[in-house]
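Enquirer: Protein chains in written order, with the working numbering: chain A, 712 to 1025; chain B, 1472 to 1778.
It is worth saying that the hints were derived from the structure and are not from the lab. Keep in mind that the hints are not guaranteed to be accurate.
[Stated by the list, open to error] Pulled from the structure, derived: some chain A residues nowhere near chain B, Cβ distances all over 12 Å:
#1 H779
#2 T791
#3 P794
#4 V800
#5 I805
#6 L812
#7 D855
#8 Y862
#9 D879
#10 P884
#11 N885
#12 K935
#13 S984
[Said to hold, decoys possible] Within a straight-line C-alpha distance of at most 20 Å, the following computed DMTMM-like cross-link-like pairs (lysine to aspartate or glutamate) qualify:
#14 A:K942 - A:D985
#15 A:K935 - A:D925
#16 A:K973 - A:D792
#17 A:K828 - A:D736
#18 B:K1619 - A:D861
#19 A:K935 - A:E955
#20 A:K973 - A:D985
#21 B:K1668 - A:D736
#22 B:K1619 - A:D879
#23 A:K828 - A:E920
#24 B:K1619 - B:D1632
#25 B:K1534 - A:D771
#26 A:K973 - A:D883
#27 A:K973 - A:D879
#28 B:K1619 - A:D915
By construction, the Cβ of each residue, glycine as well, lies at the ideal position given by its N, Cα and C atoms.
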Amino acid sequence: MSSVRTAPRASSRAHPRPRRLGPGDRLFLTVVVGIPLLALLVFVWLPALASIGLSFTSWDGLTLSDLHWVGLENYRQIFTDYPPFWPAVTHNVIWLLFTALLPTPFGVFLAYQLDRKIRFTRVYQTAIFIPMVLSLAVVGLIWDIIYNPDYGLLNGVISTVSSGHPIDWLGDPNLNLWAVLVASGWRHTGYIMILYLAGLKGFDPALKEAAALDGANGRQTFMKVVLPAMKPVNIIILVVTVMESLRAFDIVYVLGGGTGSKPGMELLSLLISDNITGESSHIGYGSALAVILLLVSLAAIGTFLFQTFRKEDQ
Amino acid sequence: MTATATPPVRRSRTPLTSTARSPRGPKRQSGRHIMLGSIALLWLVPLLWAVYTSLRPYSDTTKHGYLSWPRSISLQNFSDAWSQSGMPHFFWNSVLITVPAVLGTLLFASAVAFFVSRFDFRWNIVLLMLFTAGNLLPAQVLITPLYKLYLLIPLPSWMSDSLLVYNSLWGIIFIHIAYQCGFCTFVLSNYMKTIPKEISEAALVDGAPVWRQFFQIVVPLCRPAFAALATLESIWIYNDFFWSLTLIQTGDKRPITSALANLQGQYFTNPNLIAAGALMTAIPTLLVYFALQRQFISGLTIGSSKG
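Chain A on its own, in the form it takes in the complex (with noise of 0.2 Å):
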């Protein structure tokens, strides 16, 4: 780690000076190398190991005397004994699941028609891709106005076709979290087209006009030959969309009223900020479900790291 690699032979110089660094680069580079490293560690690192310690505790969070060591209680309580866990559970496989089979291959689909010289290409790319710059605090407003059961865009367009009660669709634990998924694939679909797109731009043609030479139609030549030319992209975005449903919080928690998790509307995430905010905070617990959170996590960072890095070791 102490000398830089020597400048090439083929130098345009006659002779090359392979240098080592003097104290000053030395200097500059600990300062601007080390403040960001530092911060990570202490920000981002620390607190994701931190996270693994306290939840084989238990402690209110309060004064350190109280930590007290409990094992694998936790974790043993949170499987046994923690009513909302796993509905939550449920529901991230929900989240998966639908986000999975229905914006991800349809923000594909869009992205495979929109990849072509058509007119208005932009717009209907801007038009999709739209929700995706929106904050979702502002995403969760803008769907409050149309599902709320009194003014509601949804109930007011139903009641004009059937009489009948209001649906409360955000308030019935049957129905909220399809609510939440319709809005959140909404924002989900332009980010996958966009991605995707990026991908089919390096995509050769040629391989698509053979395929049209050898009379394959549109669908043959998507399945047989783009999908699996794509498969780096298809990783990313199989990535992208395990980690969407991961972190998802923000649209829950503002459609959910702001106040943590709500019946039929529980997902990991939320559970982790009930345990830690609020009058009564577990801190072990909440570190437990956290740590749950990451080792799920953890495949998918796995898988998107050995994507980008495996070239990089050639």
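Since the structure of chain A is provided, determine the placement of chain B on it from the hints.
Expert: This is chain B only, laid out in the frame that chain A set:
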């Protein structure tokens, strides 16, 4: 980087294929326009509905219902939301957080990227992975210890009137920089690898110190990547909701996005005002997006198109 090289090839070829298919061409295209047009319109409905609601006076909507033709249209809701709820103050908080956070992130991320891409130290791949993976950790995993940590770190009184990192704008700036550096480092190091090593090595041979290589040679060459990342990060950091919700206690220090949830119910007592407030919060991001659309999209896709 293949992404930038291929489009010209395709452009020269597409006319050939479309003429070859000309008998069926026009019919299929119009079908596609109908489909794409209706999807695009459907996607805009929630936004357009919010615009429509925000333009109508509350008295009009209570009398005739929300799903009705407008009797009058005005910007009254916007000016009410602006003046009654202290929105200018929260917008200012957003500026105070977003500007330093974006500049800090870009400065530090470019330094780390410069370090890992220019010098062949053995552990620079580990460093790069540490930064990249840090950005992928879910924020909820960090929040409990981070919250406690913020209550322990003191700040001088001129920086924070709580004397802590907790409940100060600085705390939000710090976590944004630490968290976002990962993504920017990843993108910038990929970008810097495309700059020929000879350029900075020539400077090295001339005896220029490393800081001059960095600020006078590498940073100016990365201008397109900086433009893309600055656009993207401004929108992301402005839009963030989670950090300021959990790490700021008092409402008056929150940026506009997390303040919005409190304003709803407290000041924004009817849907028309809520719509106006939400749309005003969205205006800065929409302006940045429309002005710098190309940069925004290339920033978003730069990380994934590499694969």
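Enquirer: Each hint: holds or not?
Expert: Status of each hint after checking the structure:
1. H779: holds (16 Å)
2. T791: holds (22 Å)
3. P794: holds (20 Å)
4. V800: Given a closest Cβ separation of 15 Å, the condition holds.
5. I805: At roughly 18 Å from the nearest Cβ of chain B, A:I805 sits farther out than 12 Å, so the non-interface label holds.
6. L812: For A:L812, whose nearest Cβ neighbour in chain B is about 18 Å away, the distance exceeds 12 Å, so it holds.
7. D855: Contrary to the label, A:D855 does not stay out of reach of chain B, its closest Cβ about 7 Å off (not over 12 Å).
8. Y862: Its Cβ does come within 12 Å of chain B, the nearest being 5 Å, so this is violated.
9. D879: holds (16 Å)
10. P884: Its Cβ never comes within 12 Å of chain B, the nearest being 22 Å, so this holds.
11. N885: holds (23 Å)
12. K935: For A:K935, whose nearest Cβ neighbour in chain B is about 18 Å away, the distance exceeds 12 Å, so it holds.
13. S984: violated (7 Å)
14. A:K942 - A:D985: violated (39 Å)
15. A:K935 - A:D925: holds (12 Å)
16. A:K973 - A:D792: Within the cut-off at roughly 18 Å; holds.
17. A:K828 - A:D736: violated (51 Å)
18. B:K1619 - A:D861: Not satisfied, since the Cα-Cα distance of roughly 41 Å exceeds 20 Å.
19. A:K935 - A:E955: Violated, at roughly 28 Å.
20. A:K973 - A:D985: holds (10 Å)
21. B:K1668 - A:D736: Satisfied, since the Cα-Cα distance of roughly 18 Å is no more than 20 Å.
22. B:K1619 - A:D879: violated (38 Å)
23. A:K828 - A:E920: Holds. A:K828 to A:E920 sits at ~15 Å (cutoff 20 Å).
24. B:K1619 - B:D1632: Holds, at about 18 Å.
25. B:K1534 - A:D771: Answer violated: B:K1534 to A:D771 is near 51 Å, above 20 Å.
26. A:K973 - A:D883: Given pair A:K973, A:D883 holds - Cα atoms ~10 Å apart, limit 20 Å.
27. A:K973 - A:D879: holds (14 Å)
28. B:K1619 - A:D915: With Cα atoms ~52 Å apart, B:K1619 and A:D915 exceed 20 Å; violated.
Hints 7, 8, 13, 14, 17, 18, 19, 22, 25 and 28 from the list above are not met by this structure, while the remaining hints are.
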